[in-house]
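Peer 1: Sequence:
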Amino acid sequence: MAQIIEMPKLSDTMTVGTLVKWLKNEGDVVKSGMMLAEVETDKATMELECFFDGTLLKIFAPAGSQVAIGSALCAVGKPGETVPTPTDAAPAPAAEAKADAPKAAEPAPAPAVPPAAIPVPAPSAPVQDPGHYEGPSDSAGRVKISPLAKKLAKEKGINYSIIKGTGPGDRIVRADILAFEKSGAPKAAPKTAGGTGAAVPTGNAFAKGPIQEERAVPVTTMRGVIAKRLLESKTQIPHFYLDIEVDAEPLLALRQQLNTGLEKEGVKLSVNDFILKASAEALRRVPTVNGSWENTQIRYFAAAHVSFAVAIEDGLITPVVRDAHLKSVFQISAEAKSLGKRAKEKKLAPNEFTGGTFCVSNLGMMGIPRFNAIINPPNAAILAVGTTVAKPVVKNGQVVPGQTLTLTLSCDHRVVDGAVGAQFLGALKQLLEAPALLLV
2 MAQIIEMPKL SDTMTVGTLV KWLKNEGDVV KSGMMLAEVE TDKATMELEC
52 FFDGTLLKIF APAGSQVAIG SALCAVGKPG ETVPTPTDAA PAPAAEAKAD
102 APKAAEPAPA PAVPPAAIPV PAPSAPVQDP GHYEGPSDSA GRVKISPLAK
152 KLAKEKGINY SIIKGTGPGD RIVRADILAF EKSGAPKAAP KTAGGTGAAV
202 PTGNAFAKGP IQEERAVPVT TMRGVIAKRL LESKTQIPHF YLDIEVDAEP
252 LLALRQQLNT GLEKEGVKLS VNDFILKASA EALRRVPTVN GSWENTQIRY
302 FAAAHVSFAV AIEDGLITPV VRDAHLKSVF QISAEAKSLG KRAKEKKLAP
352 NEFTGGTFCV SNLGMMGIPR FNAIINPPNA AILAVGTTVA KPVVKNGQVV
402 PGQTLTLTLS CDHRVVDGAV GAQFLGALKQ LLEAPALLLV
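Using my numbering, read the sequence shown as starting at 2 and increasing by one per residue.
Please keep in mind that the hints were generated in silico from the structure rather than gathered at the bench.
Quick caveat: nothing in here was measured; it's all calculated off a predicted structure.
Taking lysine to aspartate or glutamate and the DMTMM-like style, the derived pairs with C-alpha atoms no more than 20 Å apart in a straight line are:
hint, residue 1, residue 2
1, LYS157, GLU314
2, LYS79, ASP29
3, LYS430, ASP418
4, LYS145, GLU182
5, LYS151, ASP171
6, LYS342, GLU39
7, LYS430, GLU250
8, LYS32, GLU48
9, LYS348, GLU39
10, LYS25, GLU48
11, LYS25, GLU39
12, LYS430, GLU246
13, LYS269, GLU336
14, LYS347, GLU314
15, LYS338, GLU264
Using the sequences and the hints given, assemble the complete structure.
Peer 2: Structure (structure tokens):
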């Protein structure tokens with residue numbers, strides 16, 4: 002009897018999964034341990050493992066569809082075996098439904114851009130000359146593109162008709178869209194009736210027309226979960242905020258000295274690496290901040306599992322550096338880089354982005370001087386890190402040039418009182434202004 006493989010629960014908050022793509026086709030021989038498909042959860046893209054030997058007899062859920070936990074994905078059995086279609090199978094792919102929407106939903110022609118503003122296309126393999134390639138099309142003249150790739154192209158404002166697909170029958174797939182975007186090639190507008198699609202000089206410094214196409218983009222599973230959790234946090238947790246200004250010159254000087262000395266070893270420390278280490282040490286010194294509200298009790302943690310916010314496609318995720326209080330700056334740096342890279346690839350395992358006891362959100366690299374972050378439940382606090390700012394400061398009674406860093410702590414007042422939050426920021430300031438302490 003054929004085995005039905007259902008959508009598994011791949012994260013603690015997952016209710017549905019998006020079938021990104023199938024790695025096997027109907028009729029393929031499969032074995033236990035093989036990967037059948039890629040599934041996007043609310044937090045990562047993970048592989049679906051096969052637990053049976055046999056032939057992939059039937060695929061119920063097409064690529065691009067969203068499937069509830071427990072619903073049938075495919076059937077594995079003996080060749081020729083009859084497979085009944087489960088009643089909960091084969092949901093309509095969300096992106097495909099969008100593809101069949103009225104033409105009004107199709108991308109509008111992009112505003113004309115003066116020729117001088119058009120960058121030179123990078124010589125990347127899958128990228129075609131936007132002025133000549135028509136794109137793979139079917140007998141009806143429509144461009145052959147997967148629902149997921151089409152949805153992604155619309156979100157990124159890419160005219161997919163100029164891209165050559167690498168999928169079956171030259172079908173454009175998700176990887177082609179990402180490769181096109183990575184190439185830096187201009188996102189040329191689709192051709193208009195009677196036109197060439199080329200940019201028309203207007204003689205104006207700035208292009209005219211609408212800012213962007215008016216459109217409605219379906220909320221992804223990840224974005225939906227983020228919205229729900231942050232709304233609950235902001236409305237149900239009594240936030241208060243504390244700011245402190247740190248003299249960043251000692252930290253920047255030490256970082257530069259270490260990076261210069263360790264350049265041959267390939268070590269490059271970031272300001273955030275020191276922030277993560279200093280946060281872990283400050284949690285040791287003021288452990289009340291390392292807690293969580295549990296309605297009838299407050300839980301205080303015996304380890305500093307420090308998470309950090311990483312912006313990824315369609316959302317945000319917080320990888321966790323576990324036992325950060327026991328690790329050196331160098332260990333934290335290496336681990337954070339690895340976690341951050343895999344977070345952007347949506348390759349984190351669930352245990353790598355859950356279980357944090359404190360969170361750091363850093364927008365300093367984007368030039369934001371200070372901001373207030375929303376607490377990431379069940380944490381009792383989150384630290385917002387701004388950019389270093391060159392400004393006049395007073396040292397030894399003299400106004401001299403300096404560099405400062407603003408840190409903002411958002412606290413859950415049910416767990417952290419104002420004085421405790423101030424003590425934590427005081428400890429953090431002391432460590433960052435004497436950063437050699439973090440190397441001991």
